[in-house]
Amino acid sequence: MTRLLPALILLFAPHLEVQADPLDPIILWPDGAPGDDGLKLPKESVEKKGPYQIDILSNVSVPTLTWYPAENPTGTAVLVCPGGGYHILASSHEGSEVCEWLNSIGISAGLLKYRVPRREGIEKHHAPLQDLQRSISLVRQSAEAWKVNPDRIGVLGFSAGGHLATMAVTSDGSRTYRKMDEADEIDCVPDFGVLVYPAYQLDESDPDSLSPEIQISESTPPCFIVMAHDDSKWAEGAARLYIEMRRNDRPCELHVFAKGGHGFGLANTDEAIRSWPNLAEQWMVVSGVLERE
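Numbering (the numbering used here), first residue to last: 1 to 293.
FYI, nobody ran anything at the bench for these hints, they're computed from the structure.
Some hints here could point you the wrong way.
[To be verified] Pairs of lysine to aspartate or glutamate, EDC-like flavour, derived with a Cα cap of 16 Å:
{"hint": "1", "residue 1": "Lys48", "residue 2": "Glu120"}
{"hint": "2", "residue 1": "Lys179", "residue 2": "Asp31"}
{"hint": "3", "residue 1": "Lys147", "residue 2": "Glu291"}
{"hint": "4", "residue 1": "Lys147", "residue 2": "Glu71"}
{"hint": "5", "residue 1": "Lys48", "residue 2": "Asp24"}
{"hint": "6", "residue 1": "Lys259", "residue 2": "Glu291"}
{"hint": "7", "residue 1": "Lys233", "residue 2": "Asp270"}
{"hint": "8", "residue 1": "Lys124", "residue 2": "Glu213"}
{"hint": "9", "residue 1": "Lys124", "residue 2": "Glu204"}
{"hint": "10", "residue 1": "Lys233", "residue 2": "Glu204"}
{"hint": "11", "residue 1": "Lys40", "residue 2": "Glu120"}
{"hint": "12", "residue 1": "Lys233", "residue 2": "Asp208"}
{"hint": "13", "residue 1": "Lys259", "residue 2": "Asp249"}
{"hint": "14", "residue 1": "Lys124", "residue 2": "Asp208"}
{"hint": "15", "residue 1": "Lys233", "residue 2": "Asp206"}
{"hint": "16", "residue 1": "Lys124", "residue 2": "Asp203"}
{"hint": "17", "residue 1": "Lys259", "residue 2": "Glu271"}
Full structure from sequences and hints, please.
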């Protein structure tokens, strides 16, 4: 069998997707992140945890965007926001692996390493949203060089990253920081959102309403939402987000699977919910944000 491997690799090589190497990380705030003056955190670190040995990134004070260019770009781009409760970042199964999958379907991807843990005295998402808004504008600024259609830039988030993506798609375009340079003159609202088991969607004092910071309007971009019914903490929030998108006549697709729990990322589960990437791809095509020849 060992002797057959090279022949098999050659036989199937034409059907294998070639992955381009990611570019060097871009520091989002060369002069320091807004509001972080004087903040002292332990040194940034990465460790592997759990049966799938996922990468857990802690103590991010220098947020970055790492660009994964698609080998055969379609013009669509997606910024990926890992989850972690706004305390840490699950940077592999909800980050780099997702960027590689997006590349395989012709989508260039940006992996956002946003600031964690939560900053004292401000909303949990405040600093991360600044990082995401800045990243969206930087991608639009680099659209021509990166072979991106500036009108087809989406966000994809998991758990807390799903809440962060929700904040971006429901934003009115106002920045949550003082403009730094020309990039900040460019629109920072994404064109679509993919929300995978998004957290923090419900109002803590009224479970029949969205969290007050989530404001859906007539201009909210299209969204795709996937959730497991047995995700006991966050399932109702995903359903409520869909209901409010429906009531505001905004394009939205919701998938609720019987099993899957929380935190499976790209495919770290044996349940049927692992098919969500295929469903998301189909939705992007039907929605017109991903073009096929």
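Results of checking the hints against the structure:
no., hint, in the structure
1, Lys48 with Glu120, "violated, 27 Å"
2, Lys179 with Asp31, "holds, 13 Å"
3, Lys147 with Glu291, "holds, 14 Å"
4, Lys147 with Glu71, "holds, 11 Å"
5, Lys48 with Asp24, "violated, 22 Å"
6, Lys259 with Glu291, "violated, 31 Å"
7, Lys233 with Asp270, "violated, 21 Å"
8, Lys124 with Glu213, "holds, 11 Å"
9, Lys124 with Glu204, "holds, 14 Å"
10, Lys233 with Glu204, "holds, 12 Å"
11, Lys40 with Glu120, "holds, 12 Å"
12, Lys233 with Asp208, "holds, 14 Å"
13, Lys259 with Asp249, "violated, 29 Å"
14, Lys124 with Asp208, "violated, 22 Å"
15, Lys233 with Asp206, "holds, 15 Å"
16, Lys124 with Asp203, "holds, 14 Å"
17, Lys259 with Glu271, "holds, 6 Å"
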